[in-house]
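Q: Below, each chain spelled out in residue letters.
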Amino acid sequence: MNSILSVLARRLATTTLVLFGVSVLIFLIARIIPGDPARIALGPRATPEQVERMRETLHLNEPLVTQYFYFLSDLLRGDLGISLYTNRPVMTDIAQFLPATLELVLLAGIFMVAIGLPLGALAARHRGGWPDNIIRVLTLMTVSAPSFVWAVILVLLFSYYLPLFPIAGRIHETIMIPPVTGFMLIDTILAGSWDGFWSALHHLILPAFALSLSGIGQAARLTRSNMVEVYDQPYIEMAQSYGFPEDRIARKYAFKPSLIPSLTIIGLDFAALLGNAFLVETIFAWPGISRYGVGVILQKDLNAIVGTVMIISATFLIANIIVDLLVAYINPRIRYAERSK
Amino acid sequence: MSADLALSIRNLALSFKSWSGTSQVLHGIDLEIKRGERVALVGESGSGKSVTARIILGTLHELKSARISGEVWVAGREMSSLSQSERQALRGTDISMIFQDPTTALNPVYTIRQQFHEVLMRGDPKISLSTAEQRSADILREVSITDTERVLESYPFQLSGGMNQRVMIGMALINEPQLLLADEPGTALDVTVQAQTLRLMRDLVRQHGTSVLFISHNLGVVREFADRIYVIYKGRIVETGPAASIFDDPRHAYTKALLAAIPRLTGGGIPEIQEDSEAFFDPMVTHEDVSA
Ligand SMILES: Nc1ncnc2c1ncn2[C@@H]1O[C@H](COP(=O)(O)OP(=O)(O)OP(=O)(O)O)[C@@H](O)[C@H]1O
Ligand SMILES: [Mg+2]
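In order, the protein sequences belong to chains A and B. Residue numbers for the first sequence follow the working numbering, so the first one is 11 and each next one is one higher. Residue numbers for the second sequence follow the working numbering, so the first one is 1189 and each next one is one higher.
Looking at chain B on its own, in the form it has when it is part of the complex (with noise of 0.2 Å):
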């Protein structure tokens, strides 16, 4: 893997054994990240979006029922080639995740104070609880939380679901990971919240210099994040390219489909695309990157 990309994926497939046979749910990814871009993977529900970022995270392998074939390489290390703690000492370090509900994401029982110390301590575990305030602190100014001493002496219930949302993006940029995924992000919040929170990160990973993986059903939330957009149809990639030519130029018939269920999406719902054509199994299509 080259040295300026921070998540390569090869011929990632995936399949579940369960007593009844096997599924196959990813057939066989291809999929890239340079470092500091921002990438969205987007497609309808059950595609194999979060399971995809199940597996870059590594905690995917643990399921003994997951078969997982293909190359994952994140931070210069291949995932399946690690060990569970190797694969464990990435999490909260080099890699981070932001959930869909950030309000049920945060632990009920602690204070907002304390979780951040113990992520804190995923980086520096010797760290002291001056320190500790200090940077929680200042990475909440980061995400235009004002008043940070109340926020981080609240519990996550006191809190409302954009200040929670900031919270969570706060606490997954806290380590300086160089890659974050962002599974649905928000997409529990009403959409004014949803829109105000991600144009927030997009901001803050810009300036942080994070790659982010951004994983949504909905490619009008994608528009304005991604640089580059991967379309995911039941486990296979078929089309990617840059933002732009995606949208001005959409080739694949499920694309085309996706982009034509967007004015239904201002509610923030999941896109129905009515019906299966054939044409959705179309082989790929890779848009060239005029700037590469």
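Next up, chain A with everything else stripped away, as it sits in the complex (with noise of 0.2 Å):
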């Protein structure tokens, strides 16, 4: 355990690290971007008198390196300003918009894992057989078409011809729920509303299915292209050997070792979800990060950007470390060469 806490010791550091580099580059594309930030704060009708005060109030007048500094104790301290877009704080811009996206991208996420990796596995085992062909060609039809044509296709099949699902919002509209936390599931549970906790699922489930389709596709066919091979391995002969039953060689003696090739990929796989989750919030008029984060380029709302990126980036940041954890965990070499250090 000890090595795994090393591990995480390590990736933080690196993170921290990796955040820094972020805020450098943004701090730095946004000051490119032509145009006076002090002017689109203030709008086209301001005078030029208004715009200097806004200069001086924003420290525009001091050096870059000054610049960054005041930007990056407003960070620290969680203030990015206040967004255009909504004329609010962008901190809180965040706290609204967030947790509805990492709520789908979680569900994306467990369902590309619940799902995709037992039916690679499962194709693995059959590998030549019917059920591996049934799952090529399905998990080929997945990743050949992207997470917004799943999203029409399930709308129309299952919210619209078969009214299984509803077409749009986290939750049935009926339904008031004191927003705390943000995340939906949670909330109505705070409020104990079990209702509200159903209708949010239901709400949740097709879009998260939606999003999730291609990673699954893609999550089953890395599992059984990795386990194939593991499959040809002296120690898979060897467990035959002893007369394991199939089943149990799969899971336990081919499956494990597949997953540490397949984890780190299955990863950035994940943190790809909140890059697709955009057309999906659009389509399922999900009120998500994503969603916001495009009205706010087009609205060229610099601080609102560039608090997105920072936010998107950090959730990117700590997938990895969550993968690079389960990684250490899986495989052993790993967590050995952490102790040696």
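In short, the hints are calculated from the structure, not lab data. Keep in mind it's a predicted model, so treat the numbers as computed, not measured.
Here are the simulated DMTMM-like pairs of lysine to aspartate or glutamate, each with C-alpha atoms no more than 25 Å apart in a straight line: (1) B:Lys1222 <-> B:Asp1391; (2) A:Lys262 <-> B:Asp1289; (3) B:Lys1314 <-> B:Glu1274; (4) B:Lys1222 <-> B:Glu1412; (5) B:Lys1422 <-> B:Glu1259; (6) A:Lys262 <-> B:Glu1341; (7) B:Lys1222 <-> B:Asp1192; (8) B:Lys1314 <-> B:Glu1341; (9) B:Lys1205 <-> A:Asp142; (10) B:Lys1252 <-> A:Glu239; (11) A:Lys262 <-> B:Glu1306; (12) B:Lys1314 <-> A:Asp257; (13) B:Lys1422 <-> B:Asp1470; (14) B:Lys1205 <-> B:Glu1259; (15) A:Lys266 <-> B:Glu1306; (16) B:Lys1252 <-> A:Glu247; (17) A:Lys310 <-> A:Glu59; (18) B:Lys1252 <-> A:Glu256; (19) A:Lys262 <-> B:Glu1337; (20) B:Lys1205 <-> A:Glu247; (21) A:Lys262 <-> B:Glu1274; (22) B:Lys1422 <-> B:Asp1218; (23) B:Lys1252 <-> A:Asp242; (24) B:Lys1314 <-> B:Glu1337.
Two chains, two frames, a set of hints: combine them into the complex.
A: Below, the structure written as structure tokens:
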């Protein structure tokens, strides 16, 4: 366990460095973009005096390095400025929109792992047989169309023709839940509303599934190919020579080692869900951060862009840390390499 | 099959079916191992040694392209008359196998302790953790491992090849199988370690009274280990007899060629018999077993 903790410590240190780098990069990009932030903030009708006063408050007349440190200290205090798009602190917007996306992406990630990995393992266990062929065709279909195409198809099929799932929104409009964490599934429980919880889950399933479909296919195909490679290893033949049942060999002997090369890539696919979430959020009218992010980009809302990019990078990096911990947990070589450092 | 036989093979033939046709790999093999006897099957690469082992083990029966005929009696049962699950039940209990490279044959993501426990559960599905621990440590001491605690909690990559080899030998013997198959054991190790572990294995199977089929392409390796030897060439047994008389008086042209190749083999390499001779297809030679 110590070794897992030291993997964690190491990754937290590098993540902090990366976030610092991201902050420099975003800051520079925000300053290089043509247009005076003060003028953009005040709108076209502002007088030169007003603009000058704004430049003073925004420290725009100071050297770049000084400006960066103002930016950084605001950032560390959780102050990302005011969004022009919503006229509220960017932090408030993020706190409102991020949980909706995280809820969506986390459930999609759960689908990806809980459906994709077993499908891939099943295909590998019966490699060359009919389950393998069926799974190959299905997963090829899911990876060959992007998430938003699946979103449209699923909405048509399961909300329109077969009204099994709601078309849009996070919860039934008659249910009022006071926001606490912003996670609807949690807030409904906090409010003691089981109806609310089921309604929120009901609203979440279809968009999350649409978002996860190509990830499911990718995870399944990756798991299959890595596991088929493991099946050629001598330790599988040794397990067979001891008469272990084939299903046990698949689960215990072949699947676990095959996760070592799969997990890192599945982690990246998981992080990519954040990016793919935009069109899915748009189709399902899901009030998430991806939709907000595109909105603020179109508005050239600088503070909000900076805030959104920082938060999405941080989420991305946290997902990476979790994957690294899982890899260390599964692969003894990494744990022991860490211990001997 | 008489009761004093651990293995009896009668007229075993094997062919593989593929798109391009059938290829005959074994052309009617007869082979016997008495209880407690150590027998070697020796031949060059591709002669059909490993497929023979996999038929005895019952794993090749699962391959759709394999056509197997003849009889293979193990532990009083004929392999091809058994169902898949009956064959499986024999493995790990009545028959076990040792592989060429110990380090890749052990699972990389489980500790030696966990792997011993799995194998012990083949013998006794309800075995308690403490009994499993006790028995694993006992067998490790038998293969001359003294720091059993450290070895048990190690992963294969943390142990040397020789250490893994001993672990694998211990694992193969822990359920007291009647028949042990060893397919070129330790060829991946360096020569001195290989010799050391082979000696250890020989003493151990002698103590346990285990019958062994030892597969090798190197007659030299087999010399100290085997009571009797079968020489196989292109899917046919060409010569068989007690080890001493094969070495003292090789009569088949192929056996002579194999023996002549030994001095070049000190590195543990594969014998290179330069050219195939017509005489290699001469009829089988059987040495009289004086002890029988
Ligand atoms: N699954 C298979 N399908 C088709 N042919 C096979 C298969 N397995 C083995 N063979 C063929 O059977 C022959 C005997 O193979 P086998 O593995 O028994 O050789 P071997 O005597 O063990 O040689 P080596 O010393 O190289 O291990 C070879 O010609 C091989 O190509
Ligand atoms: Mg072989």
